[in-house]
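There are 2 protein chains.
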Amino acid sequence: MEFLTSNLPWICAGIALVAAFVIQKKVMAAPAGNDTMQSLASAIQDGARAFLITEYKLLSIFVVVAGAGLYVLPEGGGLHTMIAFFSGAFASALAGWIGMHTATRAAVRTTEAARESLAGALRIAFNSGTVMGMTVVGLGVLGITVFLLGLNYNLQQVLGFSFGASAIALFARVGGGIFTKAADVGADLVGKVEAGIPEDDIRNPATIADNVGDNVGDVAGMGADLFESFVGSIIATMILGAALGAEGVAVVDQPLVILPLSIAAVGIIASIIGTFFVSTNDESKIHGALFKGLIVASIILLAFAYYLTNMAGANFGENLTGMDLFYSIAVGLASGVAIGKITEYYTAMECTPVKTIAEQAKTGEATTIISGLAVGMKSTALPVIVICITIAVSYSLCGTYGIALAAVGMLSTLGISLGVDAYGPVADNAGGMAEMAGLPPEVRERTDSLDAVGNTTAAIGKGFAIGSAALTALAFFSAYAAGAGDVNLSIDNPQVVIGMFIGAMLPFLFAAMTMEAVGKAAFAMIDEVRRQFREIPGIMEYKGEKGAPNRPDYDACVSISTASSMKEMVMPGVLAIAAPVLVGMFGGVVMLGGLLAGSLAAGVMMAIFMSNAGGAWDNAKKLIETGEHGGKGSDAHKAAVVGDTVGDPFKDTSGPALNILLKLMSVVSVLLLPFFIEFNK
Amino acid sequence: MEFLTSNLPWICAGIALVAAFVIQKKVMAAPAGNDTMQSLASAIQDGARAFLITEYKLLSIFVVVAGAGLYVLPEGGGLHTMIAFFSGAFASALAGWIGMHTATRAAVRTTEAARESLAGALRIAFNSGTVMGMTVVGLGVLGITVFLLGLNYNLQQVLGFSFGASAIALFARVGGGIFTKAADVGADLVGKVEAGIPEDDIRNPATIADNVGDNVGDVAGMGADLFESFVGSIIATMILGAALGAEGVAVVDQPLVILPLSIAAVGIIASIIGTFFVSTNDESKIHGALFKGLIVASIILLAFAYYLTNMAGANFGENLTGMDLFYSIAVGLASGVAIGKITEYYTAMECTPVKTIAEQAKTGEATTIISGLAVGMKSTALPVIVICITIAVSYSLCGTYGIALAAVGMLSTLGISLGVDAYGPVADNAGGMAEMAGLPPEVRERTDSLDAVGNTTAAIGKGFAIGSAALTALAFFSAYAAGAGDVNLSIDNPQVVIGMFIGAMLPFLFAAMTMEAVGKAAFAMIDEVRRQFREIPGIMEYKGEKGAPNRPDYDACVSISTASSMKEMVMPGVLAIAAPVLVGMFGGVVMLGGLLAGSLAAGVMMAIFMSNAGGAWDNAKKLIETGEHGGKGSDAHKAAVVGDTVGDPFKDTSGPALNILLKLMSVVSVLLLPFFIEFNK
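The listed protein sequences derive, respectively, from chains A and B.
Going by the numbering used here, the first residue of the first sequence is number 61, and it counts up by one from there.
Going by the numbering used here, the first residue of the second sequence is number 61, and it counts up by one from there.
In case anyone wonders, no lab produced these hints; they're calculated from the structure.
A couple of the hints might just be wrong.
Treat identical chains as interchangeable: a pair holds within one or across any two.
Claimed, not checked - List of simulated lysine-lysine pairs, DSSO-like, C-alpha gap at most 27 Å:
#1 K692 to K741
#2 K117 to K627
#3 K352 to K580
#4 K422 to K85
#5 K415 to K117
#6 K692 to K117
#7 K401 to K117
#8 K86 to K252
#9 K580 to K698
#10 K415 to K627
#11 K117 to K252
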């Protein structure tokens, strides 16, 4: 026990960060390709850096203001909460930065490696994903450990760390999501459709921005998102564990408080071992190799968890045995994989839903849209049932603490599952690089087969993101209800009903705002690309020589997408924070409880619906591009492209941001609960 | 008081039915046009009749089975409940039948009248809507009065009447909705797009089915829907009123039980008076004329309500004055109008949202879809706030009884508001008839201006439908919570959470199923229309002579749409009834409570989102057809047509059916609550 509290989390966090550093060096040591490739890569690196710097500058204003607010808050705030908040925000930003930094450098090296072999390319792409995975879990465990064990903050103060992470995650997801889709739509609509040049063609001024977008949206955004879930689920479990603890015992000596941190810590070791099993040179086995790594890590984690949950014997209080805790973790881990597999079914090219959409594309755009929407809506059913089973089982074993612990279990192998997830965008970028640098077709074929698998593993990643968001938000919600004291949170209390209606409405409003934001940002991009095609003489003859007079102005596109995404991310972000604060202050803690319940129920559905509809449209288009229903250039393909374009903001902006909305609103509510209670007295 | 309980509802129900009869005669007395028109009209009448007969035959099997189930139910059922259930189902079917019968006959007479003047056409179209309005309120008040006052059934038994009405309403909405959209899509896609002939062209084999669809979907389906809301809100209020009543006093002598019925009864008188104010010969004033009728009826209703709520003085129990009740009614009525006006804003051609969609249509299908979805999602915010205010105000005045009473207030002028709503499809059909019969263009212009206003008033009608569905479901929900006894319905109870997740998922699943049903039925229709164009020689030269050898086989299209809509409506209908029954039996009353809350929260949003997105796309297309952004035939128009086609199942099938889903699930739950309690003992 002593070892667990004082040493294990420190050691594991250290191992994770060292591993991230070592693997990053390994990635960087690989050859970076010829001059053209390096020049393109550095344009992407510069663009991504420029975006993140702009974003972080803007967010630092918000962070300072919100931090000052926390500092002066009479209840639930204070200096320590503010410091934890700043640290959470900084750690989240840092994780995003490192992920982006590595991914932009790994992509070009993956391309170079793909000239030789599939195995080498897979290794680099996956390694770069692992760097982010390790950074996220390392910083997460380290942050909590520093504040809880190092500085002896109380849990309410540590919660500030989670809030900081959530706030940055929301803006990163929304801002990055708007950027990437605006660039994507701009590049496709003007380049591919109007000018008739292929995707990832260097003559397209938006092509660099498009590649930058993949890095800031899919990599940095996703990293921040899951950092937040990871940290949030651990802290929520700790709060619920503290409520169960023996009186007079310090929080850090309570086994139920330390358990989630220990599980997260050993998950790092399990993940690292898992990564050694990811290797193949056979195209048909990439998916299997990644999945094997994940399963190995899960099994090792379960072995560790079995030891950790049982080592203290009946030390967890009456009616709560080590096995109860172990099974809660196991059911969480299993349900994450199950939701991932269900997501895969609804979005994979080989399965019925995507095939149906592709079939409907033959009758035009409208039927493509309708069937995609229907697939997305239908796809809510099974994940929700899995979540409900997880809740029922874990609750029956360990009460609300069990639900929270299941969330920790689901995210315990994040080190490797994030690696599996984040490798996709790197492979995607590597393919774009092969195209832009004019490399031989077999290079693109190798990266394409990596990318195709990346789409599937991304689905699994999304399953984890949604499932863990639902359980984490629920855990915070339990903490909220426990902290609200003796109030009537019954669903027939009209205050709860009003809160539920408002809460259920927020995901719809938020989704609408983010979708419209993409539209507006894309418009700005379209105008700029059109302008360049019109005004830069000889742009169509450009062959890629650096400094050529007819070179497209890539930076202008990056700047425009950056500026418009910054502008458009403010309102949705403000909504996410203002809604719970205003309702908590002027509607009271009961109405806010209803709001959290309503937004959780409706928000999970919207997140699944939008992510899966978008994923399914994307792959329906790709299925047709393999030659089905007339292949590229057919009417069915045109219809499928429309579906894919509608799906883009669904799956890469609104859908994933909804996860964070739910978590952020719950964290804010729990953090400010003492203030709301005081304010309404 | 004596007069109210024993005479007023009988008298008013009688007046409504007599008024319906008299107005129907008046409609029928108008000239029915030339031979071509009469022949086309009789084809539509036959088709609509054939559809309803097929539908009712199929539903009678369901009704008999469900009725038998109620009869043998150990708790919450019995002979009386079964009889009330049969009567509710029959009354709902009858209201739909009368509405359809009148509408199909009124359309051709509206066309004929439009040859002379706008005023005459308006009068006939509006009168036919009023026939349905009066039939619905007359049968509703009569049914409740017969069982409660005539046969002295208890309220749980009278609830069977509401369940019967709900069940038929769901199938009528879903079945009619599938029929009308399958026919619409089939007619448009093959006729307009592939064959290049105008809308409503008699050479199109699906054109009669398309017109039949307007009658069975928009008229009969909507009639059944609002009949159900009307009856449901009254009975739910009665149940809550009985719970507040003095002990030892018979239910029928409780003023709070009789009040909702009395309000509904005097609403009939107010509505009839209101209809006299609907008249104009000026195109620009149609909307004003209809709105004036509605406002006059509302003012008169309020005067009656003031008298009724205050006549018994402080008779309503302590802390509940007549003015409290009056204000609850008034706030309900006002919020119905407010939601209607908000709906109008989001869907009217003159307002920003629709203009934005039309603007986006210039950049193609994808942006049209995205902006329409965003408008629909955004449009949930204001109506939800209005509903929340209504809940807060009415609850603070009269507790949960006040919320239910607000729903009654909202629907109290249904006699005229349904007339305002149902006149739209009649005007639409009249325009189609003018086209098919080749009448001079000014006839079509007159019916078009009626139709355009009809689209706006339909928006108001939809606002009433959604608002009243939300409040009625909430009233039933309160009755459910009250009846569930001493159970923990708190939102932090995991059983409630599980129920909420499942409940929030159901509207998504239901919407997906109904959308897919439309798709499948439309496919069957498309095949048939293509077959006729291919196989009937000289079909393109057909000039409209009856019995000509090259006449399209209209009946075949009607039959195919009927058969496929019957097939496709079964699964969604079964889901709506099976879900609460299964969860109530095997999850228990607490989980079912959570299910109702979750489905209410998510379902209201989905209903608003889908209805308004569909309405906005429809009018964006119409706006472009007025010449904006290139007008008919432009690329923007093509994109807008795609939006409209996606919106069709949104606004006419899935969206409105969601309202009924919510109400039906609540009624089933309240009705079977005693059984669920017993079953889980």
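Fill in: Within, between, both or neither: K401, K117 at alpha-carbon 27 Å
For K401 and K117, neither the intra-copy (39 Å) nor the inter-copy (43 Å) Cα distance is at most 27 Å.
Item to complete: Tell me, please, which holds for K117 and K627 at an alpha-carbon limit of 27 Å: within, between, both or neither?
Response: within (13 Å within a copy, 59 Å between copies)
Worksheet item: For the identical chains here, do K692 and K117 meet the 27 Å Cα criterion within one copy, between copies, both, or neither?
Response: neither (43 Å within a copy, 48 Å between copies)
Practice prompt. At 27 Å max between alpha carbons, let me know whether K117 reaches K252 within a copy, between copies, both or neither.
Written response: This pair counts as neither: shortest intra-copy Cα distance 34 Å, inter-copy 55 Å.
Discussion item. Checking an output row: K422 and K85, CA cutoff 27 Å. Within, between, both or neither?
Written reply: This pair counts as neither: shortest intra-copy Cα distance 49 Å, inter-copy 49 Å.
Practice prompt. First find the shortest C-alpha distance between K86 and K252 inside one copy, then the shortest across copies, and answer within, between, both or neither for a cut-off of 27 Å.
Written response: So K86 and K252 fail the 27 Å test inside a copy (37 Å) and across (62 Å) alike.
Worksheet item: Under a CA distance limit of 27 Å, which applies to K352 and K580: within one copy, between copies, both, or neither?
Response: For K352 and K580, neither the intra-copy (42 Å) nor the inter-copy (40 Å) Cα distance is at most 27 Å.
Worksheet item: When no copy is named, should K580 and K698 be tagged within, between, both, or neither for a Cα gap of at most 27 Å?
Response: This pair counts as both: shortest intra-copy Cα distance 23 Å, inter-copy 22 Å.
Discussion item. Regarding K415 and K627, is the shortest C-alpha distance of 27 Å or less found within a copy, between copies, in both, or in neither?
Written reply: between (38 Å within a copy, 23 Å between copies)
Item to complete: Check K415 against K117 for me: Cα-Cα at most 27 Å, and say if that holds within a copy, between copies, both or neither.
Response: Intra 45 Å, inter 36 Å, cutoff 27 Å: neither.
Discussion item. For K692 and K741, with the copy left unspecified, which applies at a CA distance of at most 27 Å: within, between, both, or neither?
Written reply: neither (65 Å within a copy, 62 Å between copies)
In this structure, the earlier hints numbered 1, 3, 4, 5, 6, 7, 8, 11 are contradicted, and the remaining ones agree with it.
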